[in-house]
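Quick note, the sequence shown lines up with residues 1 to 178 if you use the numbering used here.
To be clear, the hints were calculated from the coordinates, so they are not data collected in a lab.
Careful: at least some of the hints might be erroneous.
Said to hold, decoys possible - Here are the simulated PhoX-like pairs of lysine-lysine, each with C-alpha atoms no more than 20 Å apart in a straight line:
hint	residue 1	residue 2
1	Lys9	Lys74
2	Lys101	Lys56
3	Lys101	Lys149
4	Lys124	Lys87
5	Lys101	Lys124
6	Lys74	Lys7
7	Lys101	Lys154
8	Lys126	Lys175
9	Lys175	Lys154
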Amino acid sequence: MTHFLDKTKLQYRMAVPEDALCLSVLFRQVYIHNYAIEGVPADFSRFIIEQFAIPKIGQKIREHPNSMLVATYKGNLAGVAEIEYNKPCPVGTLVAAELNKLYVLECFTGLGIGRQLLHNAEQKLKKEGYTELWLWVYAINNRAVQFYKRQQYKWLGNAFFELEGTLYENEVLHKQLT
1 MTHFLDKTKL
11 QYRMAVPEDA
21 LCLSVLFRQV
31 YIHNYAIEGV
41 PADFSRFIIE
51 QFAIPKIGQK
61 IREHPNSMLV
71 ATYKGNLAGV
81 AEIEYNKPCP
91 VGTLVAAELN
101 KLYVLECFTG
111 LGIGRQLLHN
121 AEQKLKKEGY
131 TELWLWVYAI
141 NNRAVQFYKR
151 QQYKWLGNAF
161 FELEGTLYEN
171 EVLHKQLT
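The task is simple: from the sequences and hints, build the whole structure.
Structure representation (structure tokens):
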């Protein structure tokens with residue numbers, strides 16, 4: 001993709017409750033783009049509407065104000081990284097910080113926003129005393145799998161996300177934060 005955007009207009013900060021509306025749209029757009037590869041079935045739609053509801057996102061930010069980092073372009077949301085703390089990994093016995101989301105709007109991919117959000121999340125966790133970070137990524141999303149491997153994430157195994165009886169295979173990846 002040819003980018004005409006002025007990279008000097010990109011900024012990074014923590015999410016605030018007022019971001020909930022725009023985060024809801026960003027979450028839905030990125031999720032649909034990456035996961036609705038066979039269309040949008042009812043179970044998928046219910047999941048998106050529930051999980052990415054504006055009040056739910058606002059509440060999450062208020063309860064965990066240091067859990068979401070956002071990238072903005074000219075003040076508008078372009079990407080987000082969400083951390084969940086002390087989460088059991090679905091592979092093995094690891095309990096550590098989880099990178100729950102790393103979403104970048106498609107029109108902003110290739111600008112280094114995902115890499116910078118991930119770096120910022122890792123640095124934040126290191127400052128807070130965390131030594132490990134894990135995540136799971138949709139196994140058929142090769143672009144995302146390769147992105148994380150380029151960032152030195154190592155494969156731990158595969159696990160399945162269940163959505164109303166449908167199983168989605170994910171690769172579980174891990175990184176030592178040194």
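Each hint, compared with the structure:
This hinted pair checks out: Lys9 and Lys74 have alpha carbons roughly 5 Å apart, not beyond 20 Å. The hinted pair formed by Lys101 and Lys56 meets the criterion: a straight-line CA distance of about 15 Å does not exceed 20 Å. A C-alpha spacing of about 16 Å is found between Lys101 and Lys149, which places the hinted pair at or below 20 Å, so the restraint holds. Pair hint Lys124 plus Lys87 holds up; C-alpha atoms about 17 Å apart against a cutoff of 20 Å.
Restraint check for Lys101 and Lys124: the C-alpha separation of about 15 Å stays at or below 20 Å, so the hint holds. Proximity of Lys74 to Lys7 is assessed by CA-CA distance (about 10 Å); at most 20 Å being required, the pair is judged to hold. A threshold of 20 Å between alpha carbons decides the hint, and for Lys101 with Lys154 the separation of about 17 Å falls inside it, so the pair holds. Between Lys126 and Lys175, the direct Cα distance comes to roughly 12 Å. Compliance with the 20 Å bound is thereby established for this hinted pair.
Taking the CA atoms of Lys175 and Lys154, the gap is near 6 Å; set against the 20 Å cutoff, the hint holds.
The earlier numbered hints are all upheld by this structure, with none contradicted.
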